[in-house]
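*Asks:* The lines below spell out each chain.
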Amino acid sequence: MSETKASVIGSGLSEKGLKAGSVGLLGAVVIGISTIAPAYTLTAALGPTVSVVGIHLPAIFLIGFIPMILVAFGYRELNNSMPDSGTSFTWASRAFGPWIGWMGGWGLIAATVIVLSNLAAVAVDFFYLLLGQLFNNPELGELRNVLWLNILTTFVFIALACWVSYRGMETTKAVQYILVGFQLLVLGWFAIAAFSQFSSGTAFDATPISPDWFNPFGVNSFSEFAAGVSLSIFVYWGWDTTLTMNEEMKNPKKTPGWAAMVTVVVIVVIYLTVVLATLAYAGVGDTGLGTGNPENQESIFAVLAGPVMGPFAILMSLGILSSSAASLQSTFVSPGRTLLAMGHYRALPRSLGRISPTYKSPSTATITAAVAAGGFYAVTRTVSENALSDTVTALGMMICFYYGITALACVWYFRKTWFESLRSFSFRLLLPLLGGIILLLMFVKTAFDSMDPAYGSGSELGGVGLVFILGIGVLALGAVLMLVMYFRDPDFFRGKVLHQGVEPRHLPVPPA
Amino acid sequence: MRYVVGYAANAQGREALSLAISLARRQHAELELVLVLPQESPFNASYPPASGYQTTLANQAQEWLAEARDAIPDDVKARAHLRFAESEAEALNEAVAEFDASLLVVGAASNGLFKRFTIGSTAGSLLHSAHVPVALAPSGYFRREPITRLSCGIGSRPGADDVLGLALDSAQRQGLPLRLISLLALDQANPTATNSTATERTTMQQAAQDYLAEKLAQARALRAPSSAPVDIVVAHGRSIEQAVDALEWEPGEVLLIGSSRLAQGRSLFIGSTAQRILRALPVPMIVLPRGQ
Numbered sequence: 030m031s032e033t034k035a036s037v038i039g040s041g042l043s044e045k046g047l048k049a050g051s052v053g054l055l056g057a058v059v060i061g062i063s064t065i066a067p068a069y070t071l072t073a074a075l076g077p078t079v080s081v082v083g084i085h086l087p088a089i090f091l092i093g094f095i096p097m098i099l100v101a102f103g104y105r106e107l108n109n110s111m112p113d114s115g116t117s118f119t120w121a122s123r124a125f126g127p128w129i130g131w132m133g134g135w136g137l138i139a140a141t142v143i144v145l146s147n148l149a150a151v152a153v154d155f156f157y158l159l160l161g162q163l164f165n166n167p168e169l170g171e172l173r174n175v176l177w178l179n180i181l182t183t184f185v186f187i188a189l190a191c192w193v194s195y196r197g198m199e200t201t202k203a204v205q206y207i208l209v210g211f212q213l214l215v216l217g218w219f220a221i222a223a224f225s226q227f228s229s230g231t232a233f234d235a236t237p238i239s240p241d242w243f244n245p246f247g248v249n250s251f252s253e254f255a256a257g258v259s260l261s262i263f264v265y266w267g268w269d270t271t272l273t274m275n276e277e278m279k280n281p282k283k284t285p286g287w288a289a290m291v292t293v294v295v296i297v298v299i300y301l302t303v304v305l306a307t308l309a310y311a312g313v314g315d316t317g318l319g320t321g322n323p324e325n326q327e328s329i330f331a332v333l334a335g336p337v338m339g340p341f342a343i344l345m346s347l348g349i350l351s352s353s354a355a356s357l358q359s360t361f362v363s364p365g366r367t368l369l370a371m372g373h374y375r376a377l378p379r380s381l382g383r384i385s386p387t388y389k390s391p392s393t394a395t396i397t398a399a400v401a402a403g404g405f406y407a408v409t410r411t412v413s414e415n416a417l418s419d420t421v422t423a424l425g426m427m428i429c430f431y432y433g434i435t436a437l438a439c440v441w442y443f444r445k446t447w448f449e450s451l452r453s454f455s456f457r458l459l460l461p462l463l464g465g466i467i468l469l470l471m472f473v474k475t476a477f478d479s480m481d482p483a484y485g486s487g488s489e490l491g492g493v494g495l496v497f498i499l500g501i502g503v504l505a506l507g508a509v510l511m512l513v514m515y516f517r518d519p520d521f522f523r524g525k526v527l528h529q530g531v532e533p534r535h536l537p538v539p540p541a
Numbered sequence: 010m011r012y013v014v015g016y017a018a019n020a021q022g023r024e025a026l027s028l029a030i031s032l033a034r035r036q037h038a039e040l041e042l043v044l045v046l047p048q049e050s051p052f053n054a055s056y057p058p059a060s061g062y063q064t065t066l067a068n069q070a071q072e073w074l075a076e077a078r079d080a081i082p083d084d085v086k087a088r089a090h091l092r093f094a095e096s097e098a099e100a101l102n103e104a105v106a107e108f109d110a111s112l113l114v115v116g117a118a119s120n121g122l123f124k125r126f127t128i129g130s131t132a133g134s135l136l137h138s139a140h141v142p143v144a145l146a147p148s149g150y151f152r153r154e155p156i157t158r159l160s161c162g163i164g165s166r167p168g169a170d171d172v173l174g175l176a177l178d179s180a181q182r183q184g185l186p187l188r189l190i191s192l193l194a195l196d197q198a199n200p201t202a203t204n205s206t207a208t209e210r211t212t213m214q215q216a217a218q219d220y221l222a223e224k225l226a227q228a229r230a231l232r233a234p235s236s237a238p239v240d241i242v243v244a245h246g247r248s249i250e251q252a253v254d255a256l257e258w259e260p261g262e263v264l265l266i267g268s269s270r271l272a273q274g275r276s277l278f279i280g281s282t283a284q285r286i287l288r289a290l291p292v293p294m295i296v297l298p299r300g301q
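Chains A and B, in that order, are what the protein sequence lines are.
The first sequence begins at 30 in the numbering used here and counts up by one.
The second sequence begins at 10 in the numbering used here and counts up by one.
Rather than coming from a laboratory, the hints here were simulated on the basis of the structure.
A hint or two may mislead.
Quick list of the computed label-pair ranges, beta carbon to beta carbon [stated by the list, open to error]:
{"no.": "1", "chain 1": "B", "residue 1": "80", "chain 2": "A", "residue 2": "459", "range": "32 to 40 Å"}
{"no.": "2", "chain 1": "A", "residue 1": "520", "chain 2": "B", "residue 2": "178", "range": "55 to 63 Å"}
{"no.": "3", "chain 1": "A", "residue 1": "196", "chain 2": "B", "residue 2": "80", "range": "23 to 31 Å"}
{"no.": "4", "chain 1": "A", "residue 1": "279", "chain 2": "B", "residue 2": "258", "range": "37 to 45 Å"}
Among chain B residues calculated to face chain A with C-beta under 7 Å, some are [claimed, not checked]:
{"no.": "5", "residue": "19"}
{"no.": "6", "residue": "47"}
{"no.": "7", "residue": "53"}
{"no.": "8", "residue": "57"}
{"no.": "9", "residue": "58"}
{"no.": "10", "residue": "258"}
{"no.": "11", "residue": "260"}
By construction, the Cβ of each residue, glycine as well, lies at the ideal position given by its N, Cα and C atoms.
So that you can see chain A by itself, here it is in the shape it has in the complex (with noise of 0.2 Å):
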């Protein structure tokens, strides 16, 4: 004597409970530029970039930019034709079917726990250095060189994060827009801090910005090109989020557009302009605060922020600290879903699938993206001389790789629209296909690259490079855990979960 009927309350709420129209142009630019956290990226990455590309750091950034672009084209295809919580792992099951499929997903949720892991290392790094400023004590602040300490604390910050991400608990509109804003004000003041003091000669190795920081080929090798486009890769990495907001956007048509462009705009000129602070301050010399010394590469603004800004270093370290954290918290959101959708399809164990019923966010799914974030970094910081940036660098080398099979799965699904029209054409066929693959062959030569020892910051475990290992081992790991539910629950490798699929061709309306 009763039915079920899913409802929405109040007016403007969309079925699948977003809140549609509530956001408009600014808003979505402050989504777009809080889930790149521009202030983390270029702590994290412009020292292992540098110690690539050296002083042509300002062209690689430019155009790493590129192939993020063709495959955002084919990630919001894919998102509007087949909305799922799996994102790339169904999307590549249902187009290349379920091996290739699981190894999409298994990357996604690797480059994701990798990631967490970065974030919540640079947040210690600068909650430490942040106590030091505050009590005006550096011993604090080198607390963070300590081997257990820091990886203690790196545990409480991936705990209390999880916790914040499993109890659903979210970021305000409010408090978003001052992370944003306060990230920006003191990226800003970094930048002009920075050419002050080139201007007035009190620069660590003033080195004037001259033409050639702009030219591409000047980098010496292919090697180092494509190490170089595949860190600028995940320094881009989020840009697109804005894209696949259709629903929430005040304007569905013409908001998400915009906002990405402005995005891009914003963020290129950010990183241009700190960039070039930072080079023409420093130089990339290898010794002292130079970009090039290997000391330096962990985290560039640790060592930067006091030279450069005097007392006000500690705005610095809250920036990031506060951005680091923001992030932290909603990346936890990603791995989350994943593996949910993940054991939802029994690709992995169905425990995965687990929704609290109190607090409705992936349980079991969540936990497991902290404990795997944790003994990551562990492993890699107690191996690595120079954890931060090889874990950058694999980064790199894992979004190369989701995201190239994304973009190539876009493409194949597509298959039977590709002529239907030039918006078919472009965003189905070529754009996706060229940035699939320009990444994925930028994952395989740096994946060759990497086995040197010397490689990276130069650690290697058994005679093989570190960034190898952490990159190509975690891949051979899931390809492991792979065949066993393969063994234990084939129905998923079978096909029998989810089905390969293509879209369908349009067919024109007849005449009446």
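Following the hints, put chain B in place on chain A, whose structure we already have.
*Replies:* Showing chain B alone in chain A's frame:
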């Protein structure tokens, strides 16, 4: 007669459902189960974006509601609904308005760190904001048999007359015995007096009993004559929890109490007062909002 039940697939939700069934059986009321899912804020900036997640969540919620429906006995009519909202309390209040419900049933227990000191955040919000009576199911409530007696706490706080009137009407309508508990001693107790003599106490109790008997007579005068039995007892104690502890309770009864009673002078948090009472109280509590 419709009751809205704030349901979730956890202990609190099941306790609320049990209480709703016991209440509904006496009244022959219909139940509207409402399960509230969180509405995703776009400013959460999670990446890569997974816009299919809400659908997954909704599917899981449908399964939970189906399980709940299966657990409801045949003599109680029920419908299940899914809602998306930023706050569960807000969604439940809207549901009450939508279904024109006369009662809201929720689980009282909390999941938070301070389980012992506060009730759940939804129940806490509702105590402040609801326009209809709110029934709180205590932790571990699994009884489904109809209610056997109504008890009602009356003192001299604002709204006491309304509470008394409502209790009388409910008891009459449901054919239940009513027990009036005079809380006057609590309201009038002199906080600086430490040792009142036995005679002083007896005098106070007699005064409390008389006061309530007079109130009862006044209320009955305004209503059609009824034969429902009404008892009057006087509560002792320095606080309401002590008073509750000292009284005896039937397993199948519920306590009616006005929301002004919960906002005592000593504590700022209605929720924590409600939790203190609930810890001492072995039966569910129905909180009547002000102005009812």
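*Asks:* Decide, hint by hint, whether the structure agrees.
*Replies:* Structure-based check of each hint:
1. Between residue 80 of chain B and residue 459 of chain A the Cβ separation comes to about 56 Å, which falls outside the hinted range of 32 to 40 Å.
2. Evaluation of the 55 to 63 Å hint for residue 520 of chain A and residue 178 of chain B yields a pass: the beta carbon distance comes to about 59 Å.
3. One distance hint, 23 to 31 Å for the beta-carbon pair residue 196 of chain A and residue 80 of chain B, holds here, with the actual separation near 27 Å.
4. A hinted range of 37 to 45 Å is violated for the C-beta pair residue 279 of chain A and residue 258 of chain B, which are about 56 Å apart.
5. Given hint, residue 19 of chain B at the interface with chain A, holds; its Cβ is 4 Å from that chain's nearest Cβ, closer than 7 Å.
6. Annotation: interface hint on residue 47 of chain B holds; nearest CB of chain A at approximately 5 Å, less than 7 Å.
7. Nearest Cβ of chain A to the Cβ of residue 53 of chain B: about 5 Å, under the 7 Å cut. The hint holds.
8. Given hint, residue 57 of chain B at the interface with chain A, holds; its Cβ is 6 Å from that chain's nearest Cβ, closer than 7 Å.
9. About 4 Å separates the beta-carbon of residue 58 of chain B from the nearest beta-carbon of chain A, less than 7 Å, and the hint is met.
10. For residue 258 of chain B, the interface hint is violated, the least distance from its beta-carbon to any beta-carbon of chain A being 29 Å, above 7 Å.
11. Contact between residue 260 of chain B and chain A, as hinted, is not supported at the beta carbon level, the nearest pair being about 27 Å apart and thus beyond 7 Å.
Figure legend: structure checked against the earlier numbered hints; hints not met, in rising order: 1, 4, 10, 11.
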